[in-house]
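Colleague: What follows is the residue order along each chain.
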Amino acid sequence: EPEVTQTPSHQVTQMGQEVILRCVPISNHLYFYWYRQILGQKVEFLVSFYNNEISEKSEIFDDQFSVERPDGSNFTLKIRSTKLEDSAMYFCASSRVDTQYFGPGTRLTVL
Amino acid sequence: GIQVEQSPPDLILQEGANSTLRCNFSDSVNNLQWFHQNPWGQLINLFYIPSGTKQNGRLSATTVATERYSLLYISSSQTTDSGVYFCAVVPWAGANSKLTFGKGITLSVRP
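As given, the protein sequences belong to chains A and B, one line each in that order.
Just so you know, we're using this note's numbering here: the first sequence kicks off at 1 and counts up by one.
Just so you know, we're using this note's numbering here: the second sequence kicks off at 1001 and counts up by one.
Just so you know, not all the hints are guaranteed correct.
Unchecked claim - Under 8 Å between C-beta atoms, here's a sample of chain B residues computed to sit facing chain A:
| hint | residue |
| --- | --- |
| 1 | Y1048 |
| 2 | S1051 |
| 3 | K1098 |
For the record, the hints were derived by calculation from the structure and aren't laboratory data.
For glycine and all other residues, C-beta sits at the position ideal for the given N, C-alpha and C.
Modelling step: build the complete structure from the supplied sequences, incorporating the hints.
Modeller: Next up, the structure:
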């Protein structure tokens, strides 16, 4: 069964550094999402992407965040200058019609 | 935006017991998904169930869309069922839009 994959599984970075989180959505899916979960809290929406552009974004998704689909398979989330409060699990998800399928997540730790 | 409330917040069971987890939502939905977050943090899709009843092994779910609630039933619970169970919804007017998650129900199954 096709799955959403994410790399790396764990990323440790220094405050102020740039990080890129990578995702490979399921191949015939059209809608792509990033969510995050701060430890012990609920999952929060960051951004959705369709037809090579952002279709919706949350208040969390400010100018330090960007998304890109650089080729036909990858979907990336870039955080330009990481802050301590960006430490969280970041999930990529994709859907074709209705059900959103989630990747295993990237745990980002900002020191 | 739409509100999602899950109850109870915590549940402790003996292995073999049955349980019912509840999700209330504040508006009509066109997507409702139940997830199990395992100890490694992965979000496992359990059901896509905006209405009706579905069963998968020891798990079943029912959504009564007109009354704005969904129930997840776990029968003959096992220690591997432990983790956090999330309900997430997309409002009726937001097809292919973001999922809004509840705060989750932490289930502990004791041997």
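Colleague: Of the hints given before, which are not true for this structure?
Modeller: 2
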